[in-house]
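Colleague: Using the working numbering, the first residue of the sequence shown is number 1, and each one after it goes up by one.
Incorrect hints may have been included.
[Claimed, not checked] Taking lysine-lysine and the DSBU-like style, the derived pairs with C-alpha atoms no more than 30 Å apart in a straight line are:
# : residue 1 : residue 2
1 : Lys-62    : Lys-173
2 : Lys-175   : Lys-53
3 : Lys-62    : Lys-175
4 : Lys-215   : Lys-62
5 : Lys-155   : Lys-53
[To be verified] Restraint-style ranges between C-beta atoms, simulated for each label pair:
# : residue 1 : residue 2 : range
6 : Glu-202   : Ala-36    : 35 to 43 Å
7 : Glu-204   : Ala-153   : 30 to 38 Å
8 : Glu-83    : Ala-36    : 34 to 42 Å
Simulated from the structure, these hints should not be mistaken for lab results.
Since the model is a prediction, treat every value here as computed from it, not as a measurement.
Glycine is no exception: its CB is placed at the ideal position from the N, C-alpha and C atoms.
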Amino acid sequence: MKTTQRLKPALLALLLSFGLPGTGSCEAPSAEDLLARFAQSAPLEFRYRETRKLELMDRPWKGSGYLYSTPEGTLVKLQIEPERLIMAIAGDSLYYYDSASLRRQSAALSQAGPMGEQIKAFRAIVQGRSQELAPLYSLRSDNQAGRWRLALATKAPAQGGAPARIEISGDEKRKSRRQVHIVQADGEETDYAMEQGRAGPEIELAIRRLLSEAKGN
Numbered sequence: 001m002k003t004t005q006r007l008k009p010a011l012l013a014l015l016l017s018f019g020l021p022g023t024g025s026c027e028a029p030s031a032e033d034l035l036a037r038f039a040q041s042a043p044l045e046f047r048y049r050e051t052r053k054l055e056l057m058d059r060p061w062k063g064s065g066y067l068y069s070t071p072e073g074t075l076v077k078l079q080i081e082p083e084r085l086i087m088a089i090a091g092d093s094l095y096y097y098d099s100a101s102l103r104r105q106s107a108a109l110s111q112a113g114p115m116g117e118q119i120k121a122f123r124a125i126v127q128g129r130s131q132e133l134a135p136l137y138s139l140r141s142d143n144q145a146g147r148w149r150l151a152l153a154t155k156a157p158a159q160g161g162a163p164a165r166i167e168i169s170g171d172e173k174r175k176s177r178r179q180v181h182i183v184q185a186d187g188e189e190t191d192y193a194m195e196q197g198r199a200g201p202e203i204e205l206a207i208r209r210l211l212s213e214a215k216g217n
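Let the sequences and hints guide you as you build the complete structure.
Modeller: Here it is in structure tokens:
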């Protein structure tokens with residue numbers, strides 16, 4: 001049975017880790033240049049390690065698995081450790097599936113409240129639409145010793161529930177590896193260490209299978 005509810009900020013963290021640049025130069029790129037690199041031409045797979053720091057936890061929570069993204073904006077997270085979970089965005093819907101409990105949840109993007117606004121901003125990042133991000137975020141980029149960084153800060157953190165800060169960074173010599181650091185307004189921090197894996201039709205097939213499993217089709 002499907003239920004509609006406000007999804008956790010951690011889902012936003014995983015979504016913001018998609019759409020990462022794979023090329024670069026020794027010169028300092030502008031924020032617009034970095035955003036232009038985010039656009040995909042084929043479905044992509046990323047291996048990831050996630051570390052989440054929560055105020056009420058003595059130790060950071062850690063997880064790992066795979067992230068999948070398509071040029072059209074479909075996003076899927078397959079968490080393998082510590083337990084198998086699927087979280088996804090497809091079309092105008094959000095999906096969640098817990099393999100152990102067989103529990104499924106879904107929510108219409110238009111009914112997701114603050115989370116819906118966050119996802120719209122994320123899709124603008126994936127597609128490199130700087131004209132959509134400019135009213136919502138302050139963008140800053142730099143490149144030091146071949147390491148690039150794109151920092152986003154919400155202009156009005158209290159509105160829409162957007163994260164207080166987002167930072168995406170990478171090394172020009174290790175173009176397949178990326179780091180994402182997200183700080184929520186309540187102080188929760190999430191870090192992703194990512195490495196790009198396969199690309200192309202086989203990833204598109206994997207995404208379709210995972211979406212079907214998450215939906216219960």
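Colleague: If a hint holds in the structure, say so; if it does not, say that too.
Modeller: Structure-based check of each hint:
{"no.": "1", "hint": "Lys-62 with Lys-173", "result": "holds, 27 Å"}
{"no.": "2", "hint": "Lys-175 with Lys-53", "result": "holds, 27 Å"}
{"no.": "3", "hint": "Lys-62 with Lys-175", "result": "holds, 24 Å"}
{"no.": "4", "hint": "Lys-215 with Lys-62", "result": "holds, 26 Å"}
{"no.": "5", "hint": "Lys-155 with Lys-53", "result": "holds, 24 Å"}
{"no.": "6", "hint": "Glu-202 with Ala-36: 35 to 43 Å", "result": "violated, 27 Å"}
{"no.": "7", "hint": "Glu-204 with Ala-153: 30 to 38 Å", "result": "holds, 34 Å"}
{"no.": "8", "hint": "Glu-83 with Ala-36: 34 to 42 Å", "result": "holds, 37 Å"}
Going down the numbered hints, you'll see the structure goes against just number 6.
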